[in-house]
Amino acid sequence: MNDEGLTGRSRHGGEVVYIYHSVWKTLLLVMGAGFLVFGSYASLGKGLFLTVIGIVGLIFFGFGGLYILWLLASEMLFNKPYIQIFHDGVVVRGRKPMRFMFSDVKKFRLIGYNGTKKWSNNAEMIGVVYKDKIEERKTENSSMLGKKLRRFNVVVGGAPESFATSELSMSSKAIFDLLQQRLEEYNSNNTVQTE
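Heads up, the sequence shown is in my numbering, so the first residue is 1 and it goes up one at a time.
I should point out that these hints are in silico values taken from the structure, not numbers from a laboratory.
Below are the BS3-like pairs computed for lysine-lysine, each with C-alpha atoms no more than 25 Å apart in a straight line: (1) 148 <-> 106; (2) 147 <-> 107; (3) 133 <-> 147; (4) 96 <-> 106; (5) 148 <-> 107; (6) 96 <-> 147; (7) 173 <-> 96; (8) 148 <-> 138; (9) 173 <-> 106; (10) 131 <-> 148; (11) 106 <-> 131; (12) 80 <-> 25; (13) 96 <-> 131; (14) 25 <-> 96; (15) 80 <-> 173; (16) 131 <-> 107; (17) 107 <-> 173; (18) 173 <-> 25; (19) 133 <-> 106; (20) 107 <-> 96; (21) 106 <-> 147; (22) 80 <-> 96; (23) 148 <-> 133; (24) 133 <-> 107; (25) 133 <-> 96; (26) 106 <-> 138; (27) 138 <-> 96; (28) 148 <-> 96; (29) 173 <-> 131; (30) 147 <-> 131; (31) 107 <-> 138.
Restraint-style ranges between C-beta atoms, simulated for each label pair: (32) 155 <-> 103: 20 to 28 Å; (33) 107 <-> 41: 40 to 48 Å; (34) 32 <-> 95: 16 to 24 Å; (35) 44 <-> 100: 39 to 47 Å; (36) 134 <-> 32: 35 to 43 Å; (37) 32 <-> 149: 24 to 32 Å; (38) 148 <-> 104: 15 to 23 Å.
These figures come from a predicted structure and were not determined experimentally. The C-beta atom is built at its ideal place from N, Cα and C for all residues, glycine as well.
Please model the entire structure based on the sequences and the hints provided.
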């Protein structure tokens, strides 16, 4: 797939952008997990400490690699894109599926894994900053742990919710730019309609 993602038409009008995981980037990640599984297997039976480390490595990297392969296979076999960007919102399919409407979003933010608010192509996540009333409602409806986690995410990454954008067919910056463009288009169309 190219750096543009796939596009289609929404039944409600407007172009839909489908973004999948990059096959090559994902396979490289799985190969890396395979090497770590092999290394973990090689450490079995070489003392108690190395055996425990080997078992933990086998479980973590083995199941992690299989899970990543399952995500890639389900995208390819069942045509389920990781991200779908519609004219009025976004659907992200991952461990915890997300759906948010542009009417609820104040802005998006590029975030690196170490929490830095990066504005470069190296960002690994995109944060969703909701409008004040929506964020208040989401915080109120969260558990005590959820409330603390949302506050922590805002302090560390600048956004209460985010989704991963590594190993995709489009760069994080390109996805961010597209989301910002769609948000601006939605806001300008919505403002024109209400006037």
